[in-house]
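Participant: Going down the list, the sequences are from chains A and B.
Residue numbers for the first sequence follow the numbering used here, beginning at 1 and rising by one.
Residue numbers for the second sequence follow the numbering used here, beginning at 1 and rising by one.
The hints are simulated quantities; they were obtained by calculation from the structure and are not laboratory data.
Mixed in with the good hints there might be a few duds.
Said to hold, decoys possible - With a cut-off of at most 25 angstroms between alpha-carbon atoms, the simulated SDA-like pairs for lysine to any residue come out as follows: (1) A:85 - B:27; (2) B:71 - A:155; (3) B:71 - A:85; (4) A:185 - B:57; (5) B:5 - A:155; (6) B:5 - A:146; (7) A:85 - B:63; (8) A:30 - B:63; (9) B:5 - A:243; (10) B:71 - A:240; (11) A:85 - B:58; (12) A:85 - B:57; (13) A:85 - B:10; (14) B:71 - A:241; (15) A:185 - B:33; (16) A:85 - B:59; (17) B:5 - A:365; (18) A:85 - A:152; (19) A:85 - A:200; (20) B:5 - A:152; (21) A:272 - B:33; (22) B:5 - B:57; (23) A:85 - B:60.
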Amino acid sequence: MSSLTRFFSSRWGPIVTGLVIGILAPILVKLGNPGNMGICVVCFSRDIAGALGLHRAAVVQYIRPEIIGLVLGSLIAALAFREFKPRTGSAPLVRFLLGMLAVIGALVFLGCPWRAYLRLAGGDWNAIAAIIGLAVGIALGVVFLRMGFSLGRNRAAPAALGWVMPLLMLVLLALLVFAPQFGAKDAQGNQTGPIFFSATGPGSQHAPLVVSLVIGLVIGILAQRSRFCTVGGIRDVILMRDPHLINGAIALIIAAFITNLALGQFNPGFEKQPVAHTDALWNFGGMVLAGLAFTLAGGCPGRQFILSGEGDADAAIFALGMIVGAGFAHNFNLAASPSGPSPYSPAAVVVGLIACIAIGLAFREPVGQ
Amino acid sequence: MSEIKTVDARGLSCPQPVILARHAINQGVFPIQVVVDTGTSRDNVTRMAQSVGCRVSVEAQGDQFVLTITKA
């Protein structure tokens, strides 16, 4: 093993990754990203869904280069360190559904685990209920894991399969740069779509494309090497008292807190937080659903995009499920907004939890086989 | 000579390889061979086994890794 590989598999790997995300995310906010949303894998999946016209919430439509960077950065690291291993076949359909359910839950809170930590580090105390919810959801997932839950084994696939997700990211990059307009005309005779970018709201707030892309690449490379995972962190503490991954999340929170202070972006309180609402019950509930779905799928949303970059097509299917699920979340009015959960958010969380529990009970592989 | 206990953890998502290896360690019959096919599983199983006081040797075999776990 090279010394670099040894370093990243040591306890310092996740810590360094967390520190880098914690420093770069508030800088992305400074450079234009929405508040406490330097990087949010769920929000950015939702913005991509909107930009592709999969939902018509006009304020959250943009092709986020950070997501493209995550996947391509992971690909680069995996190729450089001989970890590019195309594989598939572990219940992809169920993973797609889990991706949809996870994002529906996370959009009731308005953030992925990364953003939950970034919101906390920005002084948004609404994140506390969400992080407790996340831990409860993960604990539920651990119960299923202990009972022998498994989506089954993947198997090696032709090399070409591993390139599909990175190529999709390049297509997204092209759509971002060229933003083609040849869709149907609206009542005023204006061309609409197929690519939609917000003129106002969070979707209109973004750092310069190249900066976002490069930061995504850097984080993608580091996260691939260190296996950084914000769901795995809590899961491993519950399952076997292993702090290896959660140290990364703690490093992220501390680094983001200090960077926010330095940049004048630390605003403690519950009210008037950016792209957030104050309903503690559903901040909690949404993340119980998300935490459970992420745990059943084997990792947090960032980790799923990273795995997709190293050739895991099942993780890619989960990630695509998140993008499609985000479209559903807005079209079916399940997602919360800064004014609070929608009238349908609670039902979405309850139905999602029932679906996840059914999946948790239905898929088993006997221990030791 | 008794047969070496082998755990096939190839193709499984996190944290199943670790759970399976832990299960085998708890049964207390050493040495244990754990076969994994990603660097992540190799690192995770190694870390877990070392944390419970076992010694781990890793051998790369083509696209997979064979971890031999012994009681330290």
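Participant: Now, for every hint given, state plainly whether the structure supports it.
Facilitator: Hints, verified against the model:
1. A:85 - B:27: 32 angstroms, violated
2. B:71 - A:155: Distance of about 31 angstroms is beyond 25 angstroms: violated.
3. B:71 - A:85: Distance of about 32 angstroms is beyond 25 angstroms: violated.
4. A:185 - B:57: 65 angstroms, violated
5. B:5 - A:155: Holds: residue 5 of chain B and residue 155 of chain A sit about 23 angstroms apart, inside 25 angstroms.
6. B:5 - A:146: With a Cα-Cα distance of about 21 angstroms, the restraint between residue 5 of chain B and residue 146 of chain A holds, given a limit of 25 angstroms.
7. A:85 - B:63: 9 angstroms, holds
8. A:30 - B:63: 44 angstroms, violated
9. B:5 - A:243: Between residue 5 of chain B and residue 243 of chain A the Cα gap is close to 28 angstroms, so the pair fails against 25 angstroms, i.e. violated.
10. B:71 - A:240: Holds - the C-alpha atoms of residue 240 of chain A and residue 71 of chain B are around 19 angstroms apart, at most 25 angstroms.
11. A:85 - B:58: 19 angstroms, holds
12. A:85 - B:57: Holds, because 23 angstroms separates the two Cα atoms, which is no more than 25 angstroms.
13. A:85 - B:10: 13 angstroms, holds
14. B:71 - A:241: Distance of about 20 angstroms is within 25 angstroms: holds.
15. A:185 - B:33: Cα-Cα ~64 angstroms, so violated.
16. A:85 - B:59: 18 angstroms, holds
17. B:5 - A:365: Roughly 18 angstroms between the alpha carbons, so the hint for residue 5 of chain B and residue 365 of chain A holds.
18. A:85 - A:152: 17 angstroms, holds
19. A:85 - A:200: Answer violated: residue 85 of chain A to residue 200 of chain A is near 41 angstroms, above 25 angstroms.
20. B:5 - A:152: 21 angstroms, holds
21. A:272 - B:33: 55 angstroms, violated
22. B:5 - B:57: 15 angstroms, holds
23. A:85 - B:60: Holds, because 15 angstroms separates the two Cα atoms, which is no more than 25 angstroms.
Hint check: violations occur at hints 1, 2, 3, 4, 8, 9, 15, 19 and 21; the rest are consistent with the structure.
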